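Engineer: Could you put the whole structure together from the sequences, leaning on the hints where they help?
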Amino acid sequence: MVGIVGYGSHIPRYRIRVEEIAKVWGADAPSYKKGLGLNEKSVPAPDEDCATLAVNASRNALRRANIDPKQIGAVYVGSESHPYAVKPTGTIVSEALGACPFVHTADLEFACKAGTEGMFIALHLVKSGVVQYALAVGADTSQGAPGDALEFSAAAGAAAFIMGSKNLAAELLDTHCYMTDTPDFWRREHAYYPEHGGRFTGKPAYEKHLFSATAGMLEKAKLKPEDISYVIFHQPNGKFPVNAAQKLGFKEPQYKLGLLCPTLGNTYSGSSPMGLAATLDAAEADRLILLVSYGSGAGSDAFIFRTTEKLLEIRDMAPKTRKQLDEHKQYIEYGTYAKFRRKILRAE
Amino acid sequence: MAMHVARNWRETPERYRMEAAKCKKCSAIHFPARLICPECQGREFATVRLSGKGELATFTIIRIAPTGFGDLVPYAVGIVKMDEGIHVMAQIVDCNPEELKIGDRVVSQFRRINQEGKNGMILYGYKFVPDLGL
Ligand SMILES: [Zn+2]
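One line per chain: the protein sequences are C and A, in this order. Just so you know, we're using my numbering here: the first sequence kicks off at 1 and counts up by one. Just so you know, we're using my numbering here: the second sequence kicks off at 1001 and counts up by one.
By construction, these hints were calculated from the structure, which means they are not laboratory data. Every clue listed holds true.
As a list, the in silico BS3-like pairs of lysine-lysine whose alpha-carbon atoms are at most 27 Å apart: (1) C:Lys34 to C:Lys203; (2) A:Lys1081 to A:Lys1053; (3) A:Lys1118 to C:Lys343; (4) C:Lys323 to C:Lys34; (5) C:Lys239 to C:Lys203; (6) A:Lys1024 to C:Lys70; (7) A:Lys1081 to C:Lys329; (8) A:Lys1053 to C:Lys329; (9) C:Lys256 to C:Lys310; (10) A:Lys1053 to C:Lys323; (11) C:Lys87 to A:Lys1118; (12) A:Lys1118 to C:Lys339; (13) C:Lys70 to A:Lys1053; (14) C:Lys323 to A:Lys1101; (15) C:Lys320 to A:Lys1053; (16) C:Lys33 to C:Lys329; (17) A:Lys1101 to C:Lys329; (18) A:Lys1022 to C:Lys70; (19) C:Lys33 to C:Lys208.
The structure displayed is predicted, hence computed values, not measured ones.
Structural biologist: Right, here's the structure in full:
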């Protein structure tokens, strides 16, 4: 049996409200809030990037796993905002944790799905027996173009999972994937902001892949929606995952623990993994968790985990996700946000 | 801007992991590590990692910043008395510098320190943030 031995998240301290962004662009805040199911989003400090978020989340995972970092044989960092175009984020994370030099490292990229990609690889690598422990991180500090709808949701955060084969906090039951080549969202090399296919991002993209992955996963595991205690879907906004849950036969008590987007925003590669971290923070033992990511381009990874008694022992050993989200925040105005996100350029 | 790739790289253990040297003879902890113990002249050390926890011993607020730190002003630079007993100087972030007090509990986080221009190396290391007991 393989699964999660430690997990952790990191959320920047700063927040900006939908009203504050809407004010600058003359947009109607109430309709954006209602349309996107979003009130505010996290903003990284000027000294935070994908690598720092990944390291801080991984340190929290290491506290819960309580293992020697030298035992980590693989480190995968999924992001679409790696700080270097060429030079791995994974080596920075491995070095900061103390996992170097006997470690396999790779940076992954697949829009918002890169985090669960790392989890998929880490779990199956441990299962194959190649490594004792593997770390997977989803971390992003994503940007939306000023005035674009994405600017209301593009947020920052990270979640990290250490996979192993003993002392499991959550056991992996099975995985399932659903991929096609679908051009709903992209960013070309050297382009600063992404492009998206407008309404094409809904039904043929998010819904088709996420619904198919969910249905396939449940069928493969011979389970029904009511057998699942907690469900986490990718959260590009606060509305898509709720609509998806309802259409697929899940009810609010099943998705509420993992639904962070209304006050966090879309943390891209960190999105559904952070939802999983928040769920593990509060889940009961011996319950099934369904996690389904979505990444534009496009595809979904699905996982079913079963929580164990061990989870209850380790979860207080590092900061909880909800607490970081709800209690550790400072609101900023658009001017400060624009400075933090380097939307205002100064002379060098 | 001058590139200091090799020097920065050599400082990785202390910047990334807060690795200190503990004297095998007198148990004094040195951060950054030293070759000779100033307490007992011992030359043998064990590598230890600082816990990252401590309290603010003193601080100052920087309003006119050196190159590369301009976007951060006003920001605090403090001396933190680590729980291991030694003192470490670093930036204190994620706070309103005006609200800091000597004796505040702080914890280390991994942050971007600076970058060598737009196309150069990014420097990472430790900074401290208020310990909110999260
Ligand atoms: Zn000594």
